[in-house]
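Residues 41 to 399 in the working numbering are what the sequence shown lists, from first letter to last.
No wet-lab data here; the hints were simulated from the structure.
The beta-carbon is built from N, C-alpha and C at its ideal position, and this holds for glycine as well.
One should not assume that every hint holds.
Unchecked claim - Below are the DSS-like pairs computed for lysine-lysine, each with C-alpha atoms no more than 25 Å apart in a straight line:
(1) Lys-338 <-> Lys-170
(2) Lys-300 <-> Lys-79
(3) Lys-235 <-> Lys-201
(4) Lys-309 <-> Lys-396
(5) Lys-170 <-> Lys-119
(6) Lys-369 <-> Lys-333
(7) Lys-396 <-> Lys-369
(8) Lys-170 <-> Lys-336
(9) Lys-170 <-> Lys-333
(10) Lys-217 <-> Lys-201
(11) Lys-396 <-> Lys-98
(12) Lys-338 <-> Lys-369
(13) Lys-98 <-> Lys-235
(14) Lys-217 <-> Lys-311
(15) Lys-311 <-> Lys-336
(16) Lys-300 <-> Lys-311
To be verified - Restraint ranges, calculated between C-beta atoms of paired labels, are given here:
(17) Lys-311 <-> Gly-380: 34 to 44 Å
(18) Thr-164 <-> Lys-235: 22 to 32 Å
(19) Ala-282 <-> Lys-235: 54 to 64 Å
(20) Ala-378 <-> Glu-63: 38 to 48 Å
(21) Leu-206 <-> Glu-370: 22 to 32 Å
(22) Asp-83 <-> Glu-279: 51 to 61 Å
(23) Ile-215 <-> Glu-389: 31 to 41 Å
(24) Asn-332 <-> Arg-231: 37 to 47 Å
(25) Gly-162 <-> Ala-378: 22 to 32 Å
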Amino acid sequence: MIATAIDMYVRRAKIALGETLAERHVIYLDTRYWILLRKANADLDSTSAVELLGLLRKGIAAGRVFCPISETVFLELMKQSDPVSRLATAALIDELSLGVTLVGQDARIGTEIAYFLRSRSGQTNLHPVKHLIWSKHSYVLGMVHPTNMSFDPEAEFEIQKAVFDLMWTTPLRDIIKTIGNFPTIEIEFRRIAEKLNADVADNACYLQSFEQAYADEARGIVDLFGGIAVDITVSMAFERGAISEQPTPAQCQAFENQHKNLLAVCLEKNKARDELRTLHILSSLHASLRWNKGRKFKGNDLFDFDHAAAALAYGDAFFTEGSLSAMIKERHLALDRAYGCRVTAEMDEAIAITAKLIG
């Protein structure tokens, strides 16, 4: 896919943002912690939460930490029924996140796959992935631009830049005030969980090991991203003059199958779990839940796993709830140690971790 002028403009803005954040430690808060801190900010919570909030503010002012959100935090924030509480949480997010969000999960996976394929092909002039996965709150659900306007390309680009520059600096609180109430996806997630439980029950007798569960989950998740891998490879081939025209649909399908197999094998054989970290984290968590045959999927597990994938892949600390923290630290996963992310559900430990990161 050929990058347009606005694509390149946005990419430069994201890289510049990533470079300004590079010296700060990332503390990822799940929605529970955002609510605790919002209450602390209103003097409605414990002294421990007030202490954590004070430490975070100190660390942010000193340029040591920040607390970005993700699409999952945003979606859960929009589930809050009280508009006053929702706006108060958004205002605190604006302050502690520096207006920053991770790009969407699919975009992060695509970026990781691109880096993996390009670096393994010998390309060296690559930006670190951590410079490419940050965006601003207006684009928490993805990047869109006004297109197909009745202007020449230069004028359209100027309009696109003006809109982007405005949205790039718009606070989350203003976005949420503009949106108002947001359609909930909780019922849909509950249905997905019910389907997953039915699939697990149907296949439980065939599941003999965690490794088998992991391989199944890795191939299932990779299946969603084979097309992205093909797009990247075709783009690389054009750049290097290896091809001069777009592959046929049949060729693309063959390439896609090859890339799916490549990505799955690299995950299964532990050959690229650092580069393909989001795929590995999601595969591991889903496999762990499947392997624990006495535990069923709940709709909220899908939100929790998305929080974990964001935090573990790109965070230095992750403050969450007890059962997710315990799963992440299970001996056969040890995802906290794999990616150097301190994970806790305890407020006192969160305070100690934050104090250490601030230094």
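- Task: Go through the numbered hints given earlier and state which of them the structure violates, listing their numbers in rising order.
- Result: 1, 2, 3, 4, 5, 8, 9, 13, 14, 15, 17, 18, 19, 20, 21 and 24
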